[in-house]
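Q: As a plain string of letters, each chain reads:
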Amino acid sequence: MKDKFKKWLYGDEDLLENISDTVEEHDAPREVLKEEKRRLDSDIVRHPVTKSIEGAEKKGMKALYTVTAVISCIALIGILLYIVARLPLYGQENVRADEVIRRYIEDGLQETGAVNIVSGMILDYRAFDTLGESHVLFTALICVTILLRIDSRNMRTDYEDYYTIRQDRYFDISGDSVLSRVGLFLIPCILVFGIYVLLNGQLSPGGGFSGGAVMGAGLILFSSAFGFFTVDRFFTLKLSNRITFVALSFYSFAKGYVFFMGANGLDSHVPKGVPGAILSGGLILPLDVAVGMVVACTMFGFYSLFRRGSIGGPK
Amino acid sequence: MELTVIFRGILLILLIVCAVCVNLTGSLLRAVVIFMSYSSIMCILWILMESPDLAITEAAVGAGVSGILFLVTLKKVREENEPDPADAKKDEKTGSVSGKAPR
Amino acid sequence: MISTLLNNSEEVVAIILFGIGFTMLLFHRNLIRKLIGMNIMDTGTFLFLASMGYITGRKAPIVVNGVQEMKAYINPVPAGLVLTGIVVSVSVTAVMLSLTIRLYKRYHTLNLDDIYAMSKHDMEDR
Chain A
1 MKDKFKKWLY GDEDLLENIS DTVEEHDAPR EVLKEEKRRL DSDIVRHPVT
51 KSIEGAEKKG MKALYTVTAV ISCIALIGIL LYIVARLPLY GQENVRADEV
101 IRRYIEDGLQ ETGAVNIVSG MILDYRAFDT LGESHVLFTA LICVTILLRI
151 DSRNMRTDYE DYYTIRQDRY FDISGDSVLS RVGLFLIPCI LVFGIYVLLN
201 GQLSPGGGFS GGAVMGAGLI LFSSAFGFFT VDRFFTLKLS NRITFVALSF
251 YSFAKGYVFF MGANGLDSHV PKGVPGAILS GGLILPLDVA VGMVVACTMF
301 GFYSLFRRGS IGGPK
Chain B
1 MELTVIFRGI LLILLIVCAV CVNLTGSLLR AVVIFMSYSS IMCILWILME
51 SPDLAITEAA VGAGVSGILF LVTLKKVREE NEPDPADAKK DEKTGSVSGK
101 APR
Chain C
1 MISTLLNNSE EVVAIILFGI GFTMLLFHRN LIRKLIGMNI MDTGTFLFLA
51 SMGYITGRKA PIVVNGVQEM KAYINPVPAG LVLTGIVVSV SVTAVMLSLT
101 IRLYKRYHTL NLDDIYAMSK HDMEDR
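Protein chains in written order, with the numbering used here: chain A, 1 to 315; chain B, 1 to 103; chain C, 1 to 126.
The reader is advised that the hints may include incorrect statements.
[Stated by the list, open to error] Here are the simulated EDC-like pairs of lysine to aspartate or glutamate, each with C-alpha atoms no more than 16 Å apart in a straight line:
1. A:K255 x A:E106
2. C:K59 x B:E50
3. C:K59 x A:E99
4. C:K71 x A:E99
5. C:K34 x C:D113
6. C:K71 x B:E50
7. A:K62 x C:D113
8. C:K71 x A:D129
9. A:K272 x A:D129
The set of hints was computed from the structure by calculation and includes no laboratory data.
Full structure from sequences and hints, please.
A: What follows is the structure in structure tokens.
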């Protein structure tokens with residue numbers, strides 16, 4: 001009876017039997033090279049000369065460092081708590097910054113056409129901040145590409161463990177039954193929800209960043225469940241570059257001149273529409289789509305670069 | 001005491017407990033998982049403060065993308081447990097090299 | 001003073017989180033724990049900033065039923081600032097983690113003191 005229950009609980013076959021995302025390592029020379037390098041490095045740290053130079057400093061300095069760190073942390077928290085005690089009470093309205101908030105709330109719907117005041121604020125009144133922030137995301141993607149990209153030229157020279165790199169790049173995980181069955185149901189829901197949040201940025205909570213992040217997370221789940229070769233069919237490096245370029249240049253041309261005009265933008269002749277419809281808000285909807293595309297490509301690009309060293313596929 | 005005040009107080013105390021637990025665990029994998037739950041509690045706090053944009057963004061980015069990046073880094077570095085300083089002292093006496101903690 | 005601190009409980013918790021993150025930066029030697037500490041500092045700052053905008057009894061800043069008075073909605077400005085901050089925080093975390101991976105591939109350890117000692121040895125060799 002107990003055996004039958006166990007058989008029902010754990011199943012007849014071993015689900016984890018044929019799945020692994022690491023190739024068995026049985027090449028001796030590479031292993032020796034790694035071990036030797038590791039031994040050389042650890043020998044340097046434990047060498048008596050290094051220890052004596054660093055050690056003498058360490059012994060005297062370590063106690064001083066601990067004491068100073070504890071004192072500075074307690075002082076920081078103490079000073080900040082003292083300042084919090086002198087702040088106005090939580091939940092009261094702030095009567096000093098009245099004019100700006102009055103303009104945003106009372107004239108926001110007529111001037112921007114957006115029902116969501118926060119969205120209208122960051123994409124119409126303060127559009128230059130959002131422009132800078134999209135460029136911050138793009139710069140971070142470039143930095144991670146510089147540090148982590150592996151292509152055929154530096155695969156053999158920069159890294160010693162060639163076989164680990166190769167197994168990350170070429171070997172693909174697939175056939176995991178739990179992830180693929182759950183993914184078949186969840187991934188369309190997540191992507192559709194992301195597009196919904198993106199397009200409804202000016203009508204309900206959401207906007208460019210939220211929708212883009214949800215879409216990026218959906219793409220990450222897709223590549224985890226079905227393997228990288230499936231994603232490579234539609235998401236290549238060229239596509240990612242072109243999307244990012246078109247989105248960022250469109251945003252820059254639309255709102256870049258605001259820096260010189262003292263935040264009084266020119267009237268873009270896109271109609272504002274009826275507040276409450278999807279095609280409303282003037283330029284807010286195209287800018288939302290641009291920001292969402294950049295965020296989605298960046299989030300998936302981070303994951304792809306960390307996992308296997310390139311955004312598209314191996315060349 | 002209203003119910004919302006009690007609920008908010010419990011959530012704030014849970015935040016501090018999560019942050020302290022991240023400090024004290026020995027295993028890096030556990031620290032990353034507790035960090036993801038800390039981010040989810042933060043998401044509920046944003047809703048209680050009437051900012052739903054921040055809630056969606058924090059849920060997708062903090063518990064989603066940022067936590068996954070930490071986990072992928074741990075996979076590449078292959079150090080789910082923090083290397084014990086006691087192991088290093090043992091290696092000094094025997095003269096061998098260990099790069100990983102025992103599983 | 002104690003009653004003000006008890007009333008501003010969110011801001012007190014935000015500052016305690018900032019302090020916890022700061023101590024994680026100073027006291028741990030593992031690189032990944034330092035990064036988690038930096039993230040906790042970031043979220044503490046966002047909690048402090050967004051709790052400045054909340055006003056009791058008012059609703060989220062989405063226009064409902066055409067009501068457009070200032071006395072019906074919370075302050076929308078801090079929410080916009082925090083939205084930018086969350087995305088910048090994830091970008092900085094991604095760059096720091098890729099630096100950690102490169103450091104590990106060169107020195108095979110995540111301990112900052114050992115990395116410092118080995119790198120000094122490298123520089124003297126040149």
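Q: Now, for every hint given, state plainly whether the structure supports it.
A: Outcome of the hint check:
1. A:K255 x A:E106: 24 Å, violated
2. C:K59 x B:E50: OK: K59 (chain C) and E50 (chain B) at ~6 Å, within 16 Å.
3. C:K59 x A:E99: 20 Å, violated
4. C:K71 x A:E99: 13 Å, holds
5. C:K34 x C:D113: Holds - the C-alpha atoms of D113 (chain C) and K34 (chain C) are around 13 Å apart, at most 16 Å.
6. C:K71 x B:E50: Since the Cα atoms of K71 (chain C) and E50 (chain B) sit roughly 15 Å apart, the hinted pair holds (cutoff 16 Å).
7. A:K62 x C:D113: At roughly 12 Å apart (the allowed maximum being 16 Å), D113 (chain C) and K62 (chain A) satisfy the hint.
8. C:K71 x A:D129: 27 Å, violated
9. A:K272 x A:D129: 22 Å, violated
Comparing the model with each numbered hint stated earlier shows that hints 1, 3, 8, 9 do not hold.
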